[in-house]
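Student: What follows is the residue order along each chain.
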Amino acid sequence: MSPVLAGVLQMLALIAALALAYRPLGDYMARVYSSDKHLRVEKWIYKGIGANPDTEMRWHAYLRAVLAFSAVGVLFLYLLQRLQGVLPGSLGFASIDPDQAFNTAASFVTNTNWQSYAGEQAMGHVVQTAGLAVQNFVSAAVGMAVAMALVRGFARSRTGELGNFWADLVRGTVRVLLPVAVVAAVVLVACGALQNFSGIHEVGQFMGGSQQWNGGAVASTEAIKELGTNGGGIFNANSAHPFENPTPFTNLFEIFLILVIPFSLTRTFGVLVGSVKQGYAILATMAVIWIGFVALMMWTEFAHRGPAPEIAGGAMEGKEVRFGVGASSLFAASTTLTSTGAVDSFHSSFTGLGGGITMLGMMLGEIAPGGVGSGLYGILIMAVIAVFIAGLMVGRTPEYLGKKIGTRQIKLAALYILVTPALVLGFTAVSMALPTPPHSILNTAAGSVDHSGAHGFSEILYAYTSGANNNGSAFAGLGADTPWFNTTIGLAMLLGRFLPMVFVLALAGSLAEQKPVPATAGTLRTEKPLFTGLLAGAILIITGLTYFPALALGPLAEGMAA
Amino acid sequence: MTTRTDKHEDAMSTATPTPAPHDDVSAAHRGAAGGAAAGRVGGGLFDPAQLVRSLPDAFRKLDPRLMVASPVMFVVLVGSVLTTAFSCLDPTDWFGWTISAWLWLTVIFANLAEAVAEGRGKAQADTLRKAKTDTVARRLTGTTEERVAGTELRIGDLVVCEAGDVIPGDGDVVEGVASVDESAITGESAPVIRESGGDRSAVTGGTKVLSDRVVIKITTKPGETFIDRMINLVEGAARQKTPNEIALNILLASLTIVFLLACATLPPFADYAGTHLTMVVLVALLVCLIPTTIGALLSAIGIAGMDRLVQRNVLAMSGRAVEAAGDVSTLLLDKTGTITLGNRQAAEFVPVRGTTEAEVADAAQLSSLADETPEGRSIVVLAKEKYGLRERHQGELIGADWVAFTAQTRMSGVDVDGRKVRKGAAGSVIAWVRGQGGTVTEDAAEIADRISASGGTPLLVAACDFAPDGKGDARVLGVIHLKDVVKDGMRERFDELRRMGIKTVMITGDNPLTAKAIAEEAGVDDFLAEATPEDKMALIRREQAGGKLVAMTGDGTNDAPALAQADVGVAMNTGTSAAKEAGNMVDLDSNPTKLIEIVEIGKQLLITRGALTTFSIANDVAKYFAIIPALFAAVYPGLDRLNIMGLSSPDSAILSAVIFNALIIIALVPLALRGVRYRPVSADKMLRRNLAVYGLGGLVAPFIGIKLIDLLISLIPGIG
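Residue numbers (the numbering used here), protein chains in the order written: chain A, 4 to 565; chain B, 3 to 722.
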C-alpha cells in the first residue's frame, strides 16, 4: 500500500469513527447540560465548594465564577510548582523558577499547555497529576461551560440567565470528560502506553552510554490531554514519544479523541437550540475546513521535492517512522485546528508550506473544530459576523437563530475577533523589534540576528500564535524558557483565553435577554449549504487575511522558495 | 406636478428600467405621484455632471472634525497626510507623490459620493424654503385680532386665515371650512378641503387658503413645523445614523483596526527579513486592505435611501423607521382604498323568478338615476356596460317624479308613466313593496342572503305597475349585487410579499363574512373584521409580542395610538395632525398602497450596504496578491510566485492596487445612490444572487482591474 493511500484511508477511518460517535455523544452532552438532576458525587462537590448548582446566573455572575475559578487555578498551580522542591513524590526535581512557573500555570489553566520545560526533566508526579492533570480536566470543562452559556443565550429568550457555572463545570468534568477519559486510558494502556508512579530508571543504551526513563501516569494523562484538547504531555517529545503514543493505532485513536468532543458539540448545540440542522451547518463548516487543511497538509508533505524525501516517500524529517507522513499530517492539522497542541511530529521540520498550514490553522481561531467548547463559541462568533453581512444582503436586520444581531452584538463579536490578532501580531512585532528575544531563535548562526531567514521568524510567530490561541504546540527551535518569552507568552495565553470569554458571555447575556424573531421566508436560512460556504469564506478571508503579510515573511517565503 | 418633483419625473424615466407591473395600483388610486409610478424600488438618478457640481462640497468635507464620523475614511485621511509629509522629505520620489495623490483622491471620492447624495436633496429643500416665507399671522385673543410674525406663534395660539392667506404654522382647524392649496408640500395642485372636527382638520404651515375663513389652533413650535422638518430631511441635515448603520460602522472600524495591526507590525518583521518598508508603502498597503469601498459609500447609501422615499413623496421622520420597514413581517392594510377601490360597485343584476335580467337592469338603472352616491353611479355604469342601456338623463323623462337617495330612506327611484320603480337596501324596499300592497317572493330573500354570504351587498329592485284602473301591482324584480372591487394586481403583490416572508392582514369594518370573501379574493393572509381601533391595537401588540415588526397606515385621530405602536406607522397627509404626529412616516400622496414600496425601499437600503461590504472585503484577496510579492519578492524571490497577475514592477503593482481602490469608489457611486437591484424573492434566492454578484464579483473584479491599470501604467516610460 502506498503511503499516500494509507494516509487517505486513515483519514476516512477517522471520519467514520467520528460520524459514529457524533449523535450519541452530542445528544448525551445535550442531556448532561440541560438535566435538572444531580449525581450524588456532584452533590458532594457542590457541598464541598459551597455552590448552589440550581441558581441561575446572569452573564456577569457567570463570568465572575469563570474568572474566580481560573484565578484560583493559576495561583494553586503556581504555588505547587514553586514548592515542588519541598513536596514529596517529586522525583527529586527542584522548584520551578517564578517566570516559568507563571508561564506553566497560565498555560494549563487556559487549556493551552504550552510547555517551556521538558516534562521528564522538570515536573515530578505531584505536579503532573495533582496540578497539571487536574487542570487538563477542569480547563476543558470551563471551555465547554462557556460554550453552553452561549448556546443558552441563543436558546433562551426574555431572560438574562445563562445557567449555573458550577453545575456546568462539575457536570462537564464528571459526566463527560472523566468517563470518556477512563475508557480511553484503558485503551491506551492496552495498546502499550505507560501507567505507573515509578521513579527514574537509568537505562543502558544499545550503542553505549545511558539514558534516563521516567514512569508516570502517562496513559491517563494522554487520554485527557487529547480529549480535553490540552496537549501538554508528560514527556518533552509529547505524542511522538513511544510511552505516550506507542503504535499507529494509538496515534489514530488519539486524533479521534482530539476531535470527538469539538465536533460532537455541534450536535449538542443543534439539540439545545431546537434545530439539529443548525448544528449540521456549523459541523459542515468545521468539516470542510478540517478536510481541506488535512488534504493540503498531506499534499505538501508528500509532494516535497528533494533527494531525501523522494527516497522516504515524503518529507520525513521530524516525523516518526512508525506513523509516516500521512498519519503525521493528519495529527498536525488536527492538533492545530483544535486548541490541543499535542504533537506526534515536529512542526518545525514540516515543509515550509506545511508549517504555514499548522500556523494558519491556529490563526483561524481554532474553530475547525477547535478546542472543547472554545471551538464552538469561536465559530459561533464568526457565524454572528457572517450573518451580519449576509443578513444585510437579504434586506433585513441580521438575525441568527431568531436573535437580532444589532449594535451590541456586533460590538462584542468585533472585540472578540480583535483580541488574538492584537496579541499575536503585537507580541511578535515587539519580540522582533527588541534586541534580545530574537537570540532565542536557535536556527540562526551562532545566535547572531543576521538574515537567518523566514524559518527563524516563523519560530517566534508560531510561539505567540500558539499561545494567544491557546494551542500550546511549539515550532521547535525556539529557546522559549527565557523570562521574556515565559512572561509574554503567559500573558498572551491568559488574555487570549479570558478576554474572548468576557465577550462571549456578554454576548450570550444580550442574546438571552432578547425576544425571539420568528423565521419567515424573508429570513436568512442559516441551516443551508449556502450559509456553510459563506461562513467558511468569511472565516478564511477575515481571519486569514489578517495574518497574510506575516505568513508571507515566514512559512510562505520558506515554502515558495523550494 | 410642481417643479419640485419634475426633476425626479425626468430622472425616473432614465433610471434603471425595472419592470413596473403594478403601476395600475397606485395609478388607479390617485394619479401617479412623484416617482411612484415609475415602478418598483430601484429608480435612482445619477448624472455624472453632479460629480463636478459637488466637487467644492467634497473638498469642504475634508475637515477632520467631519471625517472622524467615518473611521475608515478618517484613517485614509491620516494616511494621506502621512504619505504627503514623507514625500515632502524626499521631493524627488515620484512614487511617493503619486501614491499620496491617489490617497487624497480616495478621500475626495468618498466625500464626493456623500456630497452628490446630499446635493440631490438641496434642490428640493430650496423649493420648500420658498414656501416657508415669513408670514404674518393674525393671532386671535378673545375676539380681538393682532398681527404678529409667524415665528412668534406658540402652541395653543389661535390664528385666523382667510382666502389668500398663507397658513402661518402647523395646526388644526377649530372653526370653519376652507379649501387649501397644499401644492407646496405635496406637489398636488388640486385644492383640498380642510374643516373643523373630523379627520380633515390638519393644516400645514406654508400652505395657502384659497377660499373661506378658518380659525386654526397652532400645534407646533416655529422651527419644528412640518415644512422645517421636511427641509432638514431632504437636506440630510437631520440624518442620524440608524442602528444597522452603527453596527456596520463598528464592524468596519474593527476590521480597520485588525488591518492596522497587520500593517503596523510589519516593519519589524520586514527588518528581520532584511528589507525596509517605507511609510508610503505601508500606508498604501493599509489603505488597500481596510474596507474603503463601503466606508466611502456608507453615508451616501443612507442619504440616497431617504431620498428614494422623498422621491416617492414619503417623508420618514427617522432613518430608523426606514430600516424598520425592511424588517417588517406583518403589514396591516386598510381594506378600503388600499386593497379595494374606495367604494362598492354593482357587479351583476340577478332577476327573481318570472323576470329577466334585462328587466332588472332597466329598472335598476332607472331607479338609480337619482342616486348620486358612488354605488348608485356604478349601477348606471354597469347597466350601460353590460346591457348596453344608454344612460338616460333625468331631464329626458317628462313628468317624472324623482325620489333621491337619502341616508334615511335608503332608497332611490322614480315615478313615471304610471310606474314606480325603487331600488335600495333590502329592508327598505321590502317595506315599500308591502306598503304598496304587494308581496315579496321567497326567492328574492334567498338571492339577497346568498349575496350577503358571498361578501357582497344586495340591493333590491322593485316596481309597482299601476293598471289603468289605478290598482297597483307591487313586486320585487330582482337584486343588484354590490361588491367591493379588489384593485388590479393586488393578488400578485401579496404573493410577492409572501415570498419575501411578509404577512398581510386586511383591516376592515365589514362583518366577518364580507371580510373573509374579500380577503380570499385579494389573497391576503389574514383579516380583522369589524375592527375597532382597540382591535387594531391589540393585533399589533400580539404580533409584536411574537417578535414581529408591524407596519400600518392610518389617517384618523383614532388611528393615532396604533400608528404610534406600530414599528412603521405611515400617516396619510390628508389625515389629522394627531395621526401625523403619531406615525413615523407621512405619505404626502395619501396613498396607502405605498406601504409596500416603503418596505421594499427599506430592504433595498440594507441590501446595498451588505452587498458593498461583501464586495469591499472580498477585494482584499486580490490586493494581497498584488502588494505582498511587490514588497518582499526582492528578499524572498519565491514570493514572486504569488504575483499571479504578472504585474510589471513592484512600484506599478502597489500603485495599481491603490488606483483601483480609489477608482472603484467612483465607479460604485451610481450603485450606492440607486441601490442594489431589488426583486421580491425569498431570502435564499436573494442571498445566492448577491453573493454571486458581490462576493465572487468582489473576488474577481480587482484581479482584472488591477491588471488593466498595471498595463496602462507600464506604458508610461520610465516606470514599467
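Keep in mind that the hints were calculated from the coordinates and are not lab data. Computed from a prediction, not measured in an experiment: that's the story for all the values here. Misleading hints may appear alongside valid ones.
[Unchecked claim] Restricting the straight-line Cα-Cα distance to at most 30 Å, the calculated cross-link-like pairs of lysine-lysine (DSBU-like) are:
hint	chain 1	residue 1	chain 2	residue 2
1	B	132	A	518
2	B	63	B	210
3	A	280	A	50
4	B	63	B	243
5	B	550	A	414
6	B	63	A	414
7	A	414	B	687
8	B	518	B	473
9	B	687	A	531
10	B	223	A	531
11	B	550	B	473
12	B	687	A	280
13	A	518	B	709
Student: Compare the structure with each hint and give your call.
Tutor: Status of each hint after checking the structure:
no.	hint	verdict
1	B:132 x A:518	violated, 47 Å
2	B:63 x B:210	violated, 38 Å
3	A:280 x A:50	violated, 39 Å
4	B:63 x B:243	holds, 18 Å
5	B:550 x A:414	holds, 24 Å
6	B:63 x A:414	holds, 27 Å
7	A:414 x B:687	holds, 29 Å
8	B:518 x B:473	violated, 45 Å
9	B:687 x A:531	holds, 12 Å
10	B:223 x A:531	violated, 54 Å
11	B:550 x B:473	violated, 67 Å
12	B:687 x A:280	holds, 19 Å
13	A:518 x B:709	violated, 50 Å
When each numbered hint is compared with the structure, violations occur for hints 1, 2, 3, 8, 10, 11 and 13.
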